[in-house]
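Residues per chain are reported as follows:
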Amino acid sequence: MSFMPVILWSDALVFMLLASGVVCAWYIRQHEHLLLPWRRVAQSSTAMRSLLVLSLFLIVGLLDTLHYRVALPEKNAGETVYSPEVLSAFDKLVTQLRTQTEKTYSAPLAITLYAKESITDKQGNVIRDYPRLRYGGAHLPDIQQRDGDVLWRALLGAAVGLMIGLMIAFGSRRWLSQRDLPLRPLLITMLTISAFLGMLVNLAAAYHVLGTDKVGQDVLYLALKSIRTGLIIGTVTTLVTLPLALLLGIAAGYLRGWVDDVIQYVYTVLSSIPSVLLIAAAVLMMQVAIDTHPHWFDNSASRADLRLVFLCLILGVTSWTGLCRLLRGETLKLREMEYIQAAQAFGVSSMRILTRHIMPNVMHIVLISLVMDFSGLVLAEAVLSYVGVGVDPSMISFGTMINGARLELGREPMVWWALAAAFGFMLVLVLAANLFADAVRDAFDPRLNRTTVVA
Amino acid sequence: MIAYLIRRILYALPILIGVNLLTFTLFFVVNTPDDMARMQLGIKRVTPEAIEKWKQQRGYDKPLLLNSAASGTDKITDTVFWQKSASMFALDFGYSDDGRSIGREIATRMGPSLAIALPTFLIGLMAYVSFALLLTLFRATGLDMAGVALCVLLMSVSGLFYIIGGQFVVSKLWHLVPISGYDGGMGGFKFVVLPIVIGVMGSVGSSSRWYRTIFLEEIGKDYVRTARAKGLSELAVLFRHVLKNAMIPILTGVVVVIPLLFMGSLLTESFFGIPGLGSYTIDAINAQDFSVVRAMVFLGSLLYIFGLILTDISYTIVDPRVRLS
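Residue numbers (this note's numbering), protein chains in the order written: chain A, 1 to 455; chain B, 1001 to 1325.
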């Protein structure tokens, strides 16, 4: 089956971000003094554990970023026609989850629908009962066998997962032991995760682990797809924030005078508008522009995607002011330092002073504020989507999941799993990000005095 | 002090003008009134006459910035900018799309907003500061570690969860208070108590942790050592010295939001059906009523700037060394 790779706007930005991340990592590896704080991060067991969890999310998000369109079997005058549906490598990986949709709601691990329906039994009588699911537990002849089967599958999956985890640990033992890492906690976390994943995979092969939603979509699939949206909001936004804050903040602090006045004026104006309102206003305007120009987009995926990119842009434009203020203050302080004055006395050009002496010395602020902002942005997406100024309603995200499911608690009998899944996944992601951000801040903040010096 | 205040207010003017120009650009230049009309009337099958009529009814048919057809001062005043945007400086917010006066809506909706936001703010402030002081008192012990861990956990939970979960448990399962609604006077108590509790819960994690950091920074200073050497008990040191000296950073973060309390909370109000400014804004966003959103943006920044001035004044109250001049 042939396919055509599709690079959406957000994909391109993610690749750009990834590339710059790799370049930064390579640069840091070359410089021992830059590596030092990262070593401190690596020594913290909380940081490494949360990094492990984060990297799982990251893998899902990245796989979900490799988009393509499948070629349709029929050809149009010799030319291959591609399906309008944009899929991703992740969709391909979990095809089963994506395509095995039920009729409507079903509880987690259930093998029948959630509500009774009139069904015709073998004798031709019409009875009211819970109909069996099309896919969930379809291999079981008898309803009673479910509990045993679930338990057996869970145990088997956990055992296999544990085995694979042990094998990975064994395979990488030499690489790991050469590094100064908290091995024991790392190992425990990794084995827990692999056992859990094995369990999940084995159960998901036969059941809807987190149930299905109103239209019968697997909730686990929705939750996993939401990860990419959350990650993109949390990271691509920094692509906008960073250059704005860095350039303007340093320029204001170093050049002072009218430049400082203008930049200060701009960020005071922006920050004086309550951010939700500013975002709402900008998103509303974007909506009008998108709705009045439908010819801009060739399919609904690219429209939803462009809206996501715009949302990141807007979030970036509204959130650079805090970092800019911090950088301005730090630059004001730095430019009075003796080594900068010495450089000025030697006749070093302003440009070179900025890039050689000031920029490296404010980088820790930039890094700390970026990792700290990430979790806030992921949480903000859910709120904005609820308010109606978030991502496109057709895009799967934590916000749209919560928004679609929030009235289901009021149903009789209530449907709780979609909400629980969205909140649960979000909690894990944000908690891991918060813990990691704390470790990064502790390692990079020069105000914290450290007694341990790493050679 | 008076001279200082006058100067601050004069400084605030250019910022408000900036906000005004920004919203004007967003709402009238990026998307022309024609786009908005098309949006409101439905994208397809809309006649130019219908657009013209829609614009005329709302006064958007005038030139944007300069009316060259008019004479005298009308050249400037008979424009969209003057009548829709600049008029906000006189607190004249115009009319919403359903024809109601936005100014009057704001005045009537302020009360319910405040009934939720003010208690949330006060109770929250006391709760966070006390919790942070408790953690500071037991710093570097297991209690402190557990408290910080709890804070990190609480701040990782989405704010929507507190609202949806709280409504579900307290109202639906336990039937303690009605799920949503509002009533003026004492009868309204049962409606506001849950939103207040949830509002306080919502930022317990981040706020307590922030206050704890402030207190810990103060506690390492020399005057604290002196106070201890003098033989003061740890509690007396905390309350009489550390709390007082930590007031400046606390006020910096806190006083700014006091005027913004009028705006209410978007989420809480819409979930609990409270007829305040927050739900007004959400309704306007959903109905794409741009004049209301514009009015709220302007009102929000006006209140924010007022909050900044209040912050400066509050410094003089807690710190006698600060003189405004």
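A few of these clues could be false.
Cβ-Cβ distance ranges computed for the label pairs, FRET-style [unchecked claim]:
(1) ASP261(A) - PRO1320(B): 30 to 38 Å
(2) ALA1107(B) - ALA19(A): 36 to 44 Å
(3) THR1032(B) - TRP258(A): 43 to 51 Å
(4) ALA205(A) - VAL1029(B): 54 to 62 Å
(5) HIS293(A) - GLY1220(B): 40 to 48 Å
(6) MET1145(B) - PRO294(A): 36 to 44 Å
(7) LEU1125(B) - PRO294(A): 46 to 54 Å
Take a look, some chain A residues computed to stay more than 10 Å from chain B by CB distance [to be verified]:
(8) PRO131
(9) PRO141
(10) ALA282
For the record, the hints were derived by calculation from the structure and aren't laboratory data. Just so we're clear, the structure is a prediction, and the values are computed from it rather than from any experiment. Heads up, the beta-carbon is just placed ideally off N, CA and C, and yes, glycines get one too.
Unmet hints by their number, sorted upward, for this structure: 2, 3, 5, 6 and 10
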